[in-house]
Amino acid sequence: MATVYEGMFLLDNQVVREDWKKAKSIITDALKKHGAKVVCARRFDERRLAYPIRRRRRATYCLAFYEMGSEGQTALRRDLELNENILRYLMLAREKLPEGELELAAAEDAADFNVPTPPPDDAPDAPSGGRRRDGADPLGSDELGEPRLDVRDGDPEEVDLAGKDE
Amino acid sequence: MGTMRRPPPPPISGKNCDDPVLDYKDTENLRRFLSAHGQLLSRKRTGYCTQCQKQLKQAVKRARHLALLPFVG
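These protein sequences, in sequence, are chains A and B.
Going by the working numbering, the first sequence wraps up at 166, each residue one higher than the last.
Going by the working numbering, the second sequence wraps up at 1073, each residue one higher than the last.
Treat the hints as calculated values from the structure; they're not laboratory data.
Note that the coordinates shown come from a computational prediction; the quantities given were computed from them, not determined experimentally.
In silico EDC-like links for lysine to aspartate or glutamate, alpha-carbon gap of 16 Å or less:
1) Lys33/A to Glu81/A
2) Lys1025/B to Asp45/A
3) Lys37/A to Glu6/A
4) Lys33/A to Asp79/A
5) Lys96/A to Asp1023/B
6) Lys1025/B to Glu6/A
7) Lys1054/B to Asp1023/B
8) Lys1025/B to Glu46/A
9) Lys1057/B to Glu1028/B
10) Lys32/A to Glu6/A
11) Lys1025/B to Glu101/A
12) Lys96/A to Glu6/A
13) Lys96/A to Glu67/A
14) Lys32/A to Glu71/A
15) Lys1054/B to Asp1018/B
Not everything, but these chain B residues come out facing chain A in the computed CB check (under 7 Å):
16) Leu1066
17) Ala1067
18) Leu1069
19) Pro1070
The C-beta atom is built at its ideal place from N, Cα and C for all residues, glycine as well.
With the rest of the complex left out, here is chain B:
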């Protein structure tokens, strides 16, 4: 008998990523994709494709550099 698994939460970005505009200045939007510790969520949770996840990563790193977002810790 298999164990009951909780269904995964829906992706934050919706069903499709639809080429989002991810700007490092838009910290309110970027915060949605960070965990409680300030870590970037996985692609599974954000719902982004590879290219969009890379854009997200770049935007978060730029925001961290300017102290707009905290570093992981």
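Only chain A is shown next, with the shape it has when bound in the complex:
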């Protein structure tokens, strides 16, 4: 029996800079290869990562909804792990497709939709007007807006939980 899954994929910005449709097809092709029926896939956001992953400090999030049985899951996860363009992924079973997702995905597929080119890897995020009580920058920036990620550059892979928690 096919279940609706929600997949969030973290794509390398270098692939996105070349062509967004090509980057999206990396995900959709991998899903289709393992028998999934892709309902919709869209660009969720491009943002600065809370911690570096494979030395990347920025990446593009792609949100996809697909129907799939349980038999291809292991092979799909293995393929995603091996793919160098997918930095990280999270797949969750959903009861149904959230409202508005199809419209958002359709808007992206429209001819006049322009995907902005990702900024350089060291570009800081625009201030989001965060709602933290202490007023501190949640991503660890100092007063100059420069990221302080150098203190955690040791081993970005040390907390890799990819595909293990679900």
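Given the structure of chain A, go ahead and fit chain B onto it with the hints provided.
For chain B alone, coordinates are given in the frame of chain A:
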């Protein structure tokens, strides 16, 4: 004579948790429940019931996994 104790701050979620929708993608909302070090606040501070606090924990962990939120450190 007893010592003066500062009254506890009001819970972040309000008086009742009222079955919140906690999504890992909604990082702005999740950040309200994190300390300055990125640690999840206690149930006493968030004001959530056991079930909602578990949902919150799960959402924060998913967001951390996708580098939407920082790990504790």
